[in-house]
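Asker: Residue numbers (this note's numbering), protein chains in the order written: chain A, 18 to 320; chain B, 18 to 320; chain C, 2 to 259; chain D, 2 to 259.
FYI, nobody ran anything at the bench for these hints, they're computed from the structure. Quick caveat, the model's predicted, so the values are computed rather than measured. Among these hints, one or two may not hold up.
Distance condition first, Cα-Cα at most 27 angstroms in a straight line; then the derived DSS-like pairs of lysine-lysine [claimed, not checked]:
(1) A:Lys-287 to A:Lys-253
(2) C:Lys-171 to A:Lys-31
(3) A:Lys-107 to A:Lys-137
(4) C:Lys-147 to C:Lys-135
(5) A:Lys-287 to C:Lys-4
(6) B:Lys-287 to C:Lys-83
(7) D:Lys-83 to B:Lys-222
(8) A:Lys-107 to A:Lys-253
(9) C:Lys-28 to C:Lys-101
(10) B:Lys-93 to D:Lys-50
(11) B:Lys-287 to D:Lys-50
Residues per chain, in single letters:
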Amino acid sequence: MVDLKVKIHDLEFKNPITLASGTCGFAREMADFFDPSIVGGFFLKGSTLKNRDGNAYPRMAETPAGMLNAVGLQNKGIDYFIENIYPEIKDYDTQLIINVNGSTVEDYIALTERVNELDKIRGIELNISCPNVKEGGMAFGVSCPGAEMVTREVRKVYDKTLIVKLSPNVTDISEIAKAVERQGADAVSLVNTFLGMAIDAETRKPKLSTITGGLSGPAIKPIALRMVWQVANAVKIPVIGMGGIMNAADAIEFMLAGASVVQIGTAVFKDPLLAVQIIKELEEYMDRHNIQNVNDLVGGLQM
Amino acid sequence: MVDLKVKIHDLEFKNPITLASGTCGFAREMADFFDPSIVGGFFLKGSTLKNRDGNAYPRMAETPAGMLNAVGLQNKGIDYFIENIYPEIKDYDTQLIINVNGSTVEDYIALTERVNELDKIRGIELNISCPNVKEGGMAFGVSCPGAEMVTREVRKVYDKTLIVKLSPNVTDISEIAKAVERQGADAVSLVNTFLGMAIDAETRKPKLSTITGGLSGPAIKPIALRMVWQVANAVKIPVIGMGGIMNAADAIEFMLAGASVVQIGTAVFKDPLLAVQIIKELEEYMDRHNIQNVNDLVGGLQM
Amino acid sequence: MTKKFVANFVVVENKPLNATNFLIKVKSDSTLPPIFPGQFVNVEINDSKEIFLRRPFSIFEVDQKENTLSMIVKILGRGSKKLTEIEPGNQVSLVYPLGKSFTYPSSTDKVLLIGGGSGVAPMLFLAKEAGLDKTQVDVLLGARTKEDHIDVEHYSKYAQLHYATEDGSKGEKGFVTQHSVFTSGLRKYDKIYACGPDGMMRAIAKVAKAEDVFCEVSLENLMACGFGVCLCCIEPTQKGNLCVCTDGPVFNIKDLKW
Amino acid sequence: MTKKFVANFVVVENKPLNATNFLIKVKSDSTLPPIFPGQFVNVEINDSKEIFLRRPFSIFEVDQKENTLSMIVKILGRGSKKLTEIEPGNQVSLVYPLGKSFTYPSSTDKVLLIGGGSGVAPMLFLAKEAGLDKTQVDVLLGARTKEDHIDVEHYSKYAQLHYATEDGSKGEKGFVTQHSVFTSGLRKYDKIYACGPDGMMRAIAKVAKAEDVFCEVSLENLMACGFGVCLCCIEPTQKGNLCVCTDGPVFNIKDLKW
Ligand SMILES: Cc1cc2nc3c(=O)[nH]c(=O)nc-3n(C[C@H](O)[C@H](O)[C@H](O)COP(=O)(O)OP(=O)(O)OC[C@H]3O[C@@H](n4cnc5c(N)ncnc54)[C@H](O)[C@@H]3O)c2cc1C
Ligand SMILES: Cc1cc2nc3c(=O)[nH]c(=O)nc-3n(C[C@H](O)[C@H](O)[C@H](O)COP(=O)(O)OP(=O)(O)OC[C@H]3O[C@@H](n4cnc5c(N)ncnc54)[C@H](O)[C@@H]3O)c2cc1C
Ligand SMILES: Cc1cc2nc3c(=O)[nH]c(=O)nc-3n(C[C@H](O)[C@H](O)[C@H](O)COP(=O)(O)O)c2cc1C
Ligand SMILES: Cc1cc2nc3c(=O)[nH]c(=O)nc-3n(C[C@H](O)[C@H](O)[C@H](O)COP(=O)(O)O)c2cc1C
Ligand code: FES
Ligand code: FES
């Protein structure tokens with residue numbers, strides 16, 4: 018039996034296959050398809066302090082090997098989460114990480130403090146990279162001072178595992194990663210979506226209500242993989258990788274590039290059971306390649 | 018009959034459909050497939066001052082809806098071009114634009130001065146964005162001061178049409194565009210390839226000899242389109258758009274987003290006749306939509 | 002929480018109903034879960050370079066003994082076109098059953114079901130499953146011309162069928178909302194159900210609201226996941242933005258902002 | 002400058018030659034240009050979500066009267082697999098004819114053609130087209146086992162056929178370079194041609210070089226365009242990096258850095 022356990026700071030994952038924020042709801046939607054305890058963890062849908070209606074319809078457009086979304090962090094706010102959703106999911110035997118979003122540092126702090134009360138949420142993913150709304154913090158995520166500042170302030174009020182989610186819409190993502198590492202982030206996760214756009218040539222109109230939106234899916238995989246590799250070589254803290262993972266080979270490539278844990282995002286829309294399948298195939302791969310411990314795959318790119 | 022003529026500074030294009038640098042050789046390779054005078058122009062393979070062998074094999078990897086390349090500006094140098102290639106192509110009845118690459122400002126200047134002698138090359142595309150080699154100038158292309166400096170110095174020695182080709186691997190491409198506009202660029206072209214990476218999970222090795230390479234093809238289209246739209250809204254000079262154009266609808270989307278001329282790149286590998294086909298379909302589209310002059314499409318996005 | 006599945010089905014039938022609509026019947030090798038009118042499946046489109054996401058289609062008929070279900074697929078764009086080219090014997094992956102069903106009528110209800118375009122599918126499914134006498138059920142189908150109507154005569158054992166065409170080539174001339182069944186007053190119905198083009202449903206909803214008759218409509222919009230995680234498929238409602246895929250596709254018009 | 006084409010062909014035959022090799026014959030509705038042994042086509046792989054670029058295959062046989070050409074496709078990965086699933090009647094797009102051909106032998110030459118794996122195709126094409134008497138032509142084919150050889154007996158009218166297998170199940174046991182035809186000295190040949198796995202060709206080239214015999218090999222590598230514009234397919238040579246697709250795929254071993 019191969020050993021799939023990985024640790025990110027205090028967070029123990031039974032395996033490195035997790036689901037990405039915004040693509041697995043609040044985990045319970047996935048429980049309609051499989052036993053949530055099978056996967057390493059769920060990065061829950063982005064939460065904000067207050068209720069947000071999100072952007073107007075249409076919110077998505079299909080693109081070559083990918084999709085654009087302009088959801089705009091629709092969610093009922095943290096109080097609703099704590100009262101109505103948390104009780105339902107808290108006993109899932111897996112890691113539940115909450116994805117935290119704000120438009121000001123105060124928002125991030127207030128939200129973190131609320132989350133801190135929740136026993137079964139042992140980590141947060143600080144989203145400073147949502148391209149679709151101001152409240153997604155991309156203003157923070159695309160500059161080092163911005164990223165440092167929000168990380169530092171949140172770190173002050175949060176002792177559990179602090180993961181900072183990075184934007185790929187930057188010139189040098191490893192600089193941003195180093196900046197948040199300096200301010201005490203326990204891990205970085207990347208990438209969030211790329212800012213993109215789609216037009217309907219016949220109607221001559223944008224396909225999204227917001228004109229631009231976030232690109233995800235296999236189209237972005239080569240760029241995401243490069244960024245994970247660059248960041249893993251630049252920081253000492255663990256890296257959580259994602260961006261277009263569609264199968265076990267993709268997940269393994271991210272691990273070889275340096276990701277300790279991977280997140281499956283858009284692919285879940287095509288195959289809600291994908292994470293379960295990838296765990297199986299990862300085990301087979303490790304058997305085939307004679308790798309006992311999954312941590313030995315991490316950063317194992319041979320050059 | 019619809020009017021397809023567009024003008025970029027002094028350069029008159031008989032139609033806005035051109036071929037991108039590095040994907041149409043020195044135009045004569047395309048002449049094996051079609052009469053070069055059909056298309057608007059050719060952006061010739063990137064030239065450097067001296068011969069360059071380029072990077073080691075393997076230089077390409079297929080990716081979802083795209084490809085990575087790590088050619089590394091292989092070319093025989095400007096003298097070889099002037100003596101052996103230019104005479105063969107100079108009488109093609111179309112625009113021939115040379116793609117100029119250097120690792121120092123002096124390189125760019127020296128190269129530009131050589132090109133200036135050539136009557137039938139009425140414009141240069143200053144490549145400050147090749148991600149695959151130092152000589153590709155990406156060091157210049159990802160910062161405003163760098164981009165400004167090289168544009169300013171080249172402008173001093175060049176009176177014909179100066180197009181600056183921008184890198185998409187930046188936080189804010191419209192800032193770079195504005196910077197080169199300030200220094201006298203007559204147009205900007207975008208995007209060059211995105212820095213990406215591919216790994217073979219079975220061998221655990223990078224698929225490219227250079228580990229990272231440039232991503233092109235339909236995968237990048239949504240991001241490229243967004244950048245063209247942003248830049249077109251930020252500068253007054255004309256914009257030449259490219260990135261993943263695979264058919265007439267794609268070309269039209271780039272024009273609606275603000276591109277006066279478009280370049281077909283990677284798609285040529287799949288269909289060497291594509292540019293010819295797109296010109297035909299563009300005419301049909303204009304007929305169907307009752308557009309007489311192609312310039313009316315440019316920036317015609319309806320919001 | 003209802004269990005949902007991802008499974009490969011074998012195509013057992015793919016037959017053209019008219020120029021643009023196809024009946025596609027697929028079979029599972031295991032027992033199907035309960036499936037109700039209004040629910041849909043999210044279908045993977047095989048072997049197409051251009052298509053990335055699945056495509057949602059309403060469930061038209063279910064045979065729990067044969068483990069088959071069918072859908073009526075109208076060619077709209079690239080995905081639906083490709084799907085109608087699939088050959089019997091081939092496999093197709095479905096995520097199912099998705100969405101909420103129509104509220105079943107009670108045994109004494111008189112109901113009107115109005116279908117337009119591919120919206121015919123869930124209406125006929127409901128007519129069949131409602132368990133009412135055919136005298137209690139009016140089905141009104143609208144299309145542009147005779148040719149755009151599909152042959153549904155065998156449903157006359159479950160309902161009284163009425164047709165409208167814009168050119169008068171079958172049934173009454175005009176839109177469904179101009180049909181005598183509709184214009185003679187909706188109050189005689191306990192429940193009205195509609196599925197079809199947005200404009201048609203809005204027109205129906207307006208009258209139903211004015212006459213204060215219970216009315217449910219089934220919405221279609223752009224979906225990425227189909228099971229409530231992407232939040233792309235929203236409809237603005239009195240209760241805020243709701244997901245068409247999980248809170249719908251069936252909505253009571255009272256809840257909509259129409 | 003030679004004219005090149007992009008055209009749809011109709012698949013007229015697709016037959017398995019053994020477990021992993023297929024003969025695919027395609028037909029054009031117009032006259033084919035002259036095509037020579039060593040040249041290749043770049044094939045679009047239809048209907049596959051995973052494949053973006055075309056795939057290059059050597060031309061195996063050409064029938065200028067029927068406007069057909071054929072290739073031997075070995076299943077290596079996703080694209081070749083998909084191609085071998087194509088059905089007669091379907092269309093396939095080719096970019097052709099690509100690359101330089103082998104140098105034709107002169108009429109008095111004695112030649113040795115060595116093929117391994119799918120490299121058999123251009124060797125047999127050359128054997129047939131060379132216009133020599135069969136006594137002047139030795140064809141040596143290598144494979145792992147008997148089953149890996151394809152049936153080429155009908156080529157015995159153009160050449161003397163020799164086989165090598167690693168397990169000795171057909172012809173002599175061992176690699177082609179251990180076969181008696183090869184070990185008995187290459188000087189008796191005026192020209193040697195080889196196409197197959199890299200290792201095989203390098204081993205042949207080494208001996209040919211040592212014995213100073215004219216030798217051309219046909220290289221395979223990763224191509225994006227196939228017509229000389231992308232510069233992805235390079236081989237380091239005495240003349241610098243050359244493109245396998247236009248400067249090759251046939252190279253004289255003197256020019257290589259082997
Ligand atoms: C719950 C639900 C049930 C459905 N039931 C059926 C059914 O039973 N039979 C049937 O034929 N169709 C049904 N549809 C519609 C069907 O999903 C679309 O026709 C199909 O997804 C179109 O895919 P395509 O690839 O052919 O079109 P594309 O090539 O993707 O698109 C063509 C054009 O249509 C637009 N478009 C595509 N889908 C929609 C949509 N859902 N809403 C608005 N605009 C759209 C696109 O934006 C584009 O402009 C249903 C949709 C939903 C959400
Ligand atoms: C000039 C030329 C002529 C050829 N003639 C024939 C022929 O007659 N018959 C035949 O069966 N094949 C021939 N090939 C090889 C054929 O092109 C490849 O087998 C095919 O492209 C593989 O595609 P795939 O999608 O099946 O493999 P993929 O799924 O793309 O790749 C599978 C694995 O094989 C590797 N690979 C793929 N192609 C090559 C290559 N060309 N060189 C080295 N590694 C590669 C990939 O990197 C990957 O690791 C020829 C190639 C060239 C360049
Ligand atoms: C519909 C949708 C909604 C998303 N919402 C969030 C979110 O709320 N918070 C967040 O950090 N990332 C969000 N993301 C980004 C994903 O978590 C992930 O970073 C991105 O999609 C890249 O991975 P993928 O290509 O595997 O999808 C969202 C992505 C999609 C497609
Ligand atoms: C193989 C290859 C070589 C390229 N070489 C050059 C080059 O020499 N100079 C340059 O400015 N861009 C070069 N490019 C970038 C293209 O011109 C274009 O900017 C990019 O590929 C995006 O367009 P596309 O997606 O349509 O290919 C190259 C691209 C490819 C794929
Ligand atoms: S389609 Fe994803 S939430 Fe409805
Ligand atoms: S494959 Fe493009 S140059 Fe050879």
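Asker: Is it true that the CA of Lys-107 of chain A sits at most 27 angstroms from the CA of Lys-253 of chain A?
Answerer: Violated, at roughly 31 angstroms.
Asker: Has the given pair, Lys-287 of chain B with Lys-83 of chain C, been kept, meaning a C-alpha gap of at most 27 angstroms?
Answerer: holds (22 angstroms)
Asker: Lys-28 of chain C and Lys-101 of chain C were given as a pair; does the straight-line alpha-carbon distance stay at or below 27 angstroms?
Answerer: holds (22 angstroms)
Asker: Sort out whether Lys-222 of chain B lies within 27 angstroms of Lys-83 of chain D, counting only the CA atoms.
Answerer: holds (26 angstroms)
Asker: Under the criterion that the straight-line Cα-Cα distance not exceed 27 angstroms, is the pair Lys-107 of chain A, Lys-137 of chain A satisfied?
Answerer: Roughly 6 angstroms between the alpha carbons, so the hint for Lys-107 of chain A and Lys-137 of chain A holds.
Asker: Given the hinted pair Lys-171 of chain C and Lys-31 of chain A, is their alpha-carbon gap at most 27 angstroms?
Answerer: violated (63 angstroms)
Asker: Keeping to a limit of 27 angstroms between CA atoms, is the pair of Lys-287 of chain A and Lys-4 of chain C held or broken?
Answerer: Distance of about 17 angstroms is within 27 angstroms: holds.
Asker: Run the distance test for Lys-93 of chain B versus Lys-50 of chain D: straight-line Cα separation, threshold 27 angstroms.
Answerer: violated (37 angstroms)
Asker: Checking one constraint from the list: CA of Lys-287 of chain B to CA of Lys-50 of chain D, max 27 angstroms. Satisfied?
Answerer: With a Cα-Cα distance of about 15 angstroms, the restraint between Lys-287 of chain B and Lys-50 of chain D holds, given a limit of 27 angstroms.
Asker: Would you mind confirming whether the straight-line C-alpha gap from Lys-287 of chain A to Lys-253 of chain A stays at or under 27 angstroms?
Answerer: Violated. Lys-287 of chain A to Lys-253 of chain A sits at ~34 angstroms, over the 27 angstroms cutoff.
Asker: Can the restraint linking Lys-147 of chain C and Lys-135 of chain C be considered satisfied, given a maximum Cα separation of 27 angstroms?
Answerer: With Cα atoms ~24 angstroms apart, Lys-147 of chain C and Lys-135 of chain C stay inside 27 angstroms; holds.
Checked against the numbered hints given earlier, this structure breaks hints 1, 2, 8, 10; the rest are met.
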